[in-house]
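> Using the sequences and the hints, build the whole thing.
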Amino acid sequence: MLMKAVISKVGLILLAAVSSHSHAYEAEKITTGLNIPWGLAYVDEQSMLVTERQGVVKRVNLETGKHQTLFTPEGVWTEGQGGLLDVALSPFDTDFKSKKVYFTYSKDIEGEGATTLAQATYQNGRLTDWQDLFVSASRTDTGRHFGSRIAFDDNSLYFSIGDRGVRENGQDTLTHAGSILRLQPDGSVPADNPFINNSAILDEIWSYGHRNPQGLVYDSNSQQLWSIEHGPRGGDEINLIKRGANYGWPITSHGKEYWGPISVGDGKVKEGVEPPVKVYIPSIAPGSLVMYRGEKFPELNGKLLAGALKLTHINVVTINDAGKAIAEERIMAELGERIRDIEVTPKGDIYFSTDSGNLYRLKR
Numbered sequence: 001m002l003m004k005a006v007i008s009k010v011g012l013i014l015l016a017a018v019s020s021h022s023h024a025y026e027a028e029k030i031t032t033g034l035n036i037p038w039g040l041a042y043v044d045e046q047s048m049l050v051t052e053r054q055g056v057v058k059r060v061n062l063e064t065g066k067h068q069t070l071f072t073p074e075g076v077w078t079e080g081q082g083g084l085l086d087v088a089l090s091p092f093d094t095d096f097k098s099k100k101v102y103f104t105y106s107k108d109i110e111g112e113g114a115t116t117l118a119q120a121t122y123q124n125g126r127l128t129d130w131q132d133l134f135v136s137a138s139r140t141d142t143g144r145h146f147g148s149r150i151a152f153d154d155n156s157l158y159f160s161i162g163d164r165g166v167r168e169n170g171q172d173t174l175t176h177a178g179s180i181l182r183l184q185p186d187g188s189v190p191a192d193n194p195f196i197n198n199s200a201i202l203d204e205i206w207s208y209g210h211r212n213p214q215g216l217v218y219d220s221n222s223q224q225l226w227s228i229e230h231g232p233r234g235g236d237e238i239n240l241i242k243r244g245a246n247y248g249w250p251i252t253s254h255g256k257e258y259w260g261p262i263s264v265g266d267g268k269v270k271e272g273v274e275p276p277v278k279v280y281i282p283s284i285a286p287g288s289l290v291m292y293r294g295e296k297f298p299e300l301n302g303k304l305l306a307g308a309l310k311l312t313h314i315n316v317v318t319i320n321d322a323g324k325a326i327a328e329e330r331i332m333a334e335l336g337e338r339i340r341d342i343e344v345t346p347k348g349d350i351y352f353s354t355d356s357g358n359l360y361r362l363k364r
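Residue numbers (my numbering): 1 to 364.
Derived by calculation from the structure, the hints in this document are not laboratory data. Take these hints with a grain of salt, some might be off.
Stated by the list, open to error - The calculated DSBU-like cross-link candidates involving lysine-lysine, where the alpha carbons are at most 35 Å apart (straight line), are:
1) Lys-363 with Lys-324
2) Lys-278 with Lys-310
3) Lys-347 with Lys-99
4) Lys-296 with Lys-58
5) Lys-303 with Lys-29
In C-alpha cells:
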C-alpha cells in the first residue's frame, strides 16, 4: 500500500509537471513607455489603439513597437482612479474605410467626475469627430470607482460604472453609479431595457448593486454577459450578469472593512440578490475581463481571463456548462506586473497591458 501511494504521488507530480510544461507561456514585449495603458483596442495586424489614463489616445505599431499620440480629448477629469478609461471598436460598422471607436472616461463637470461614453472615427491613422454619446448621472468629487469597461451584444452596448466611492449608490437606482448600463449604439435607451417603465429606476440600468466592475465581456457563443469587480478587503467577484438583477453591494459582500476584521453588509447572501459565480479571498484586484474564443491557445478556449492588479497575474477561470466556476489557473505571475487590460484579436492572439507602461503579446 505504501509503495502504491508513493507511485501514485510520483505520478501526480509528473502529471503536474507535464501539464505545467505544456501550458508554459511567455510574454513578448511589444512596446514600453506608455502611461498607465488602461484600455486596448486591436485595429489590424499593425495597429493597436491605447488609452492612457492621463487623457491621451495613442496608436501602437505592433510590428515596430513605436507609439504616437492620436488625440487628446478635452474635459477629462484625471483625479485618483479617474481619467481616460476604456476603448473598443464598434462591431456595428459597415463602412470598412473608417471605424467607429467607443471610449469611456471621467468627464469634468464643475470639478466633479462623471463616467461618460464617447465615440470617435478612426481613419487613415487619425482619430476625429469625438463626441459624447452619454454622460451618466454618477458624478461625485471622489477619485474612486469609475468602472468602466465596454462590451457589445448583437445590437447593444453595455458599460459599467462603479459606485464612485459612495457605498449607498450601489442600491440607489436613481443614480447610474454602481450599475451596468445598456444602450443603443448611438447612446439612446433600448425600448426593452428592464426598468424602462419604472420611475424608481433609471431607464439605462441593466443591473445594479455593483461596487467597481472593471471587467466586462459579452460571450456571443453562450449569449452571456460577464463582469468582474473589486470587493472591499477581500471579496472580488465574478458575476454572470442577468437582466434587471441586483448584485447586492453594499448590503451583501464577501469582503471585510478596511479598518478592521468586520464583514461588510448584512451577510454574504440575501433573498433577491444574485450571488457571485466566483469570489476571490484575498483580493486579486481585477482590472479587466475577456472570454477567450480562439484556436491559438486551445487550452484557454471558453475560459475567462482576468487581469490582476494587486496579485500581478492573468487569472484563468474555467466555467462549466451550468455557468459555474470550477477551476482557476494563474499565469504571467513571474512578470510581477499589474496587468491592466487584455485584448483578444479575431485570429486568437492575446495582448495585455501593464500599469508600468508595457504592452505584451502572450506566446509559448
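> Assess, step by step, whether the Cα of Lys-296 is no farther than 35 Å from the Cα of Lys-58, and give holds or violated.
holds, 27 Å
> Checking one constraint from the list: CA of Lys-303 to CA of Lys-29, max 35 Å. Satisfied?
Given pair Lys-303, Lys-29 holds - Cα atoms ~24 Å apart, limit 35 Å.
> Please work out if Lys-347 and Lys-99 have their alpha carbons no farther apart than 35 Å.
holds, 19 Å
> For a C-alpha distance cap of 35 Å, please report whether Lys-363 and Lys-324 respect it.
holds, 28 Å
> Hinted pair, alpha-carbon criterion (35 Å max): Lys-278, Lys-310. Please report holds or violated.
Roughly 18 Å separates the two Cα atoms, so the pair holds.
The earlier numbered hints are all upheld by this structure, with none contradicted.
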